[in-house]
Amino acid sequence: MSLLPLGTRLIMIIPIIFVGLSVILMIPYFLKPEELTESKTISNETK
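For the record, in the sequence shown the residue sitting at position 11 is 11 according to the UniProt record's numbering, with numbers rising by one throughout.
Simulated from the structure, these hints should not be mistaken for lab results.
Given the structure is predicted, the values throughout are model-derived calculations rather than measurements.
Even glycine gets a Cβ: it sits at the ideal position worked out from N, Cα and C.
Any given hint could be a false lead.
Derived DEER-like restraints, expressed as beta-carbon distance ranges [unchecked claim]:
1) K32 x P5: 37 to 45 Å
2) L10 x F30: 36 to 44 Å
3) M26 x L6: 25 to 33 Å
From just these sequences and the hints, can you work out the full model?
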């Protein structure tokens, strides 16, 4: 990596960062709806 100029490093790193951020942002959308409904029903049942 140190042999590459900064421009190519940024070109390689930026897509990785965007993919990582998009994955991190998408995970809650896939997991949260089911978890939220389950936790709500569980909390309502316990109360």
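Hints, one by one, checked against the model:
1. K32 x P5: 37 to 45 Å: holds, 41 Å
2. L10 x F30: 36 to 44 Å: violated, 30 Å
3. M26 x L6: 25 to 33 Å: holds, 30 Å
Violation of the numbered hints given earlier is confined to hint 2; every other hint is satisfied by the structure.
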